[in-house]
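K.L.:
Note that the protein sequences, when read in sequence, are chains A and B.
One point on numbering: in numbering that gives the first Met the number 0, the residue at position 273 of the first sequence is 272, and numbering is uninterrupted.
One point on numbering: in numbering that gives the first Met the number 0, the residue at position 257 of the second sequence is 256, and numbering is uninterrupted.
It is worth saying that the hints were derived from the structure and are not from the lab.
Every residue gets a Cβ at the ideal spot worked out from N, C-alpha and C, and that includes glycine.
Just to be clear, a hint being listed does not mean it is correct.
Across the chosen pairs, the derived CB separations fall in these ranges [said to hold, decoys possible]:
| no. | chain 1 | residue 1 | chain 2 | residue 2 | range |
| --- | --- | --- | --- | --- | --- |
| 1 | A | Lys69 | B | Ile97 | 20 to 30 angstroms |
| 2 | B | Pro255 | A | Pro271 | 43 to 53 angstroms |
| 3 | B | Glu259 | A | Lys69 | 37 to 47 angstroms |
Sample of chain A residues facing chain B (criterion: CB under 10 angstroms; computed from the structure) [as the list claims (entries may be wrong)]:
| no. | residue |
| --- | --- |
| 4 | Asn7 |
| 5 | Val88 |
| 6 | Met89 |
| 7 | Val91 |
| 8 | Lys94 |
| 9 | Thr95 |
| 10 | Phe262 |
| 11 | Thr269 |
| 12 | Pro271 |
| 13 | Glu273 |
| 14 | Leu282 |
| 15 | Asp288 |
| 16 | Lys304 |
| 17 | Ser305 |
| 18 | Asp322 |
Cross-link-like lysine-lysine pairs, in silico, DSSO-like; alpha carbons within 27 angstroms at most [said to hold, decoys possible]:
| no. | chain 1 | residue 1 | chain 2 | residue 2 |
| --- | --- | --- | --- | --- |
| 19 | A | Lys284 | B | Lys59 |
| 20 | B | Lys59 | A | Lys321 |
| 21 | B | Lys96 | A | Lys304 |
| 22 | A | Lys86 | A | Lys173 |
| 23 | B | Lys59 | A | Lys278 |
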Amino acid sequence: MVELNWNNIPKDLCPVCKTDKYLSPSLQFKINPECYHKICDSCVDRIFSLGPSPCPYPNCGKILRKNRFKTQIFDDIEVERECDVRKRVMAVYNKTEDDFATLDEYNAYLEQVEDYVYKLVNRIDVEQTEQKLKDYQIEHKHDIEMSNNQRDQEHAKFVKLQNLEKRYRTEKNKINREIFKEEQNLKNLSKTEVINQLQTASGEKDADKIIANVRDSMVSKTDIYKQQLEELEKNYQEEREIIISGKDEIKEEEKPKMPFTPFNGDRMPTPPYEYGDYKDPFLSKMVDDIQYRAGGYKLDVYFQKSLDDAFTGLDCIIEEEKDVADQIMV
Amino acid sequence: MSSGYTKEKKVGEGTYAVVYLGKQVVTGRDIAIKEIKTGTFKDGLDMSAIREMKYLQELKHENVIELVDVFADKDKNLNLILEFLPSDLEMIINDKKIMIIPADIKSWMLMTLRGLHHCHRNGILHRDLKPNNLLISPEGYLKLADFGLARSLGHPNEKLTSNVVTRWYRSPELLFGAQHYSPAIDVWAVGIIFAELMLRTPYLPGKDDSDQLVVTFQALGTPTEEKWPGVSHLPHYNNLTVFPEPSRQELRNRFPAATELALDLMCGMLSLNPNNRLDTKACLLHPYFTESPEPTEPEKLPQKS
């Protein structure tokens, strides 16, 4: 078997298991931003599932972790690397133009960022630059987080606006279609209607009037649609304003809520009777038995029920209810 | 048929009644007709039918099945007209296609406890609570049903039978044969249903009455004279294997989805000593119901597919 030349690996071959993309089309290559050596998916699973391991390429020796492996996006590995570096640097240097007083300051800042990216990509003073990056990250931890948050919020707002606009467009199209249909309809209809009315009309004098009438009714129908369109436009603008000003979130919180009531009204907070320390020596003695106590029997509950029973009917006027019942029966 | 109800089709048959689906002619409302079989019993009507009529007439609550009407037809059969409730909680628990979220459980527990509180408030013990008897309306409202074993809280000298409640939902004092028990037996059953909703399988499925005791105490610890004074004097109490009370961590492992407050409430309802068990009022006032998430609105609860 021919030894693999590690310096010139064929494009469609996994150098670890020697599987060929041509023979197994499901083959997927993965790379790790530590060293950018390509390894196929199943090899990644096999080698790195049990924890970090050294890169299988000879003379590489970098320790790789499975969760850092990703699919290659650009064909050129250098482009891929630059993108990764850029992403990493931008995550730390995430200021926007608004954070600077003058344009010159902002440009100086951008210049510096590009400097770092260039150095990291071309492997010039890597350690120094990494250190600077780390220092900056520690120093500006709070700012970085703030910037991130702001960006997230802006993104959420953008998504909301997009949704709103989409909804607005579909509504608008629908109404426009309706208007068009109505106009078409009326064009045909109005002709026949004018003729019909002219036929039934007595004098020739009315002819102009009739034509005007028909035209009026036609216009009024499209007017309704146009009004709807205007209203839609107005609503859209209003909602847009609300989203842009960020008021919508507050609105959601203020939404009135039904307070939770555990009993849903089925409770008598103050019983109509006063139940002091009523004692019935006969019953008390009976209930003092161990069988009652162990079974959970409570005399109080019995007393309360008796009192409830006695008071239940007090608020009911049977005669009145009878009348109502008679009416229902009839 | 008399009185303006139509019978449409037979949907079930029990030991003492046949259930039909029907409509109220005037309103067009769906109803269930329970026709009580007569003649099979020497002493007139079956006890369950009388109980059902007697207690349902007194109860009117959003979470208790409504008894619309009662009448005897020309064959002298007794007909109970009940609200039509197509589904029950057991169907939902067993339907593996349905996903139950904690807010749903809270909502069902809330409705069950409200219904039960209404019964207890009126001095009525249900005595047969189980998921099968918690019916669900098309709008998602849960209602207590089947009052065939219900009875009112009697005079202290009355002896109550301990042979009530379906075995898996029977409280320890009933298992020990207590004849003077309290509404706490219903709370126990609700506690078991709570556990079953979280587990989606029966919590304490005993094979027979003595096995039920073993299963119960395995899960919740064997009661001692210390924790439950007088327990050893109950009729069926005899030498038991002593199981230790489960630790909080063991319970957490058994109910991984439950919050601390949910476990609190469940333990409160499943207190072995009926004297320490929460009553319906205490259950409803438990902070579990006010903690997040809010109970799901009935209309949004999962329905049987």
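K.L.:
For the restraint on A/Asp322, tell me whether the closest CB of chain B is nearer than 10 angstroms.
P.N.:
Hint violated; A/Asp322 Cβ to chain B Cβ min 20 angstroms, cut 10 angstroms.
K.L.:
Sort out whether A/Lys278 lies within 27 angstroms of B/Lys59, counting only the CA atoms.
P.N.:
Given pair B/Lys59, A/Lys278 is violated - Cα atoms ~33 angstroms apart, limit 27 angstroms.
K.L.:
Between B/Lys59 and A/Lys321, is the straight-line Cα distance small enough, at 27 angstroms or below?
P.N.:
Holds - the C-alpha atoms of A/Lys321 and B/Lys59 are around 18 angstroms apart, at most 27 angstroms.
K.L.:
Checking hints one by one. Is A/Phe262 an interface residue toward chain B, by the C-beta closer than 10 angstroms rule?
P.N.:
Status holds, d = 6 angstroms.
K.L.:
Given the range 37 to 47 angstroms, decide if the beta-carbon distance of B/Glu259 to A/Lys69 lies inside it.
P.N.:
41 angstroms, holds
K.L.:
Verify the proposed pairing of B/Lys96 with A/Lys304, using a straight-line Cα cut of 27 angstroms.
P.N.:
It is violated: about 44 angstroms lies between the C-alpha atoms, which goes past 27 angstroms.
K.L.:
For B/Pro255 and A/Pro271, compare the CB-CB distance with the range 43 to 53 angstroms and indicate the outcome.
P.N.:
47 angstroms, holds
K.L.:
Holds or violated: is there a CB of chain B closer than 10 angstroms to the CB of A/Asn7?
P.N.:
Constraint on A/Asn7 not satisfied, violated at 55 angstroms.
K.L.:
Hint validation: A/Val88 versus chain B, beta carbon distance must be below 10 angstroms. Holds or violated?
P.N.:
It is violated, given that the least Cβ distance between A/Val88 and chain B is near 41 angstroms, above 10 angstroms.
K.L.:
CA of A/Lys86 to CA of A/Lys173, is that 27 angstroms or under?
P.N.:
43 angstroms, violated
K.L.:
So, as I understand it, the hint says A/Lys94 touches chain B; can you test that by seeing if any CB pair is closer than 10 angstroms?
P.N.:
Not OK, violated: A/Lys94 not within 10 angstroms of chain B, min 38 angstroms.
K.L.:
Please verify whether A/Lys284 and B/Lys59 have alpha carbons no more than 27 angstroms apart.
P.N.:
The hint is violated at about 36 angstroms.
Of the numbered hints given earlier, the model fails hints 1, 4, 5, 6, 7, 8, 9, 11, 12, 13, 18, 19, 21, 22, 23; all others are met.
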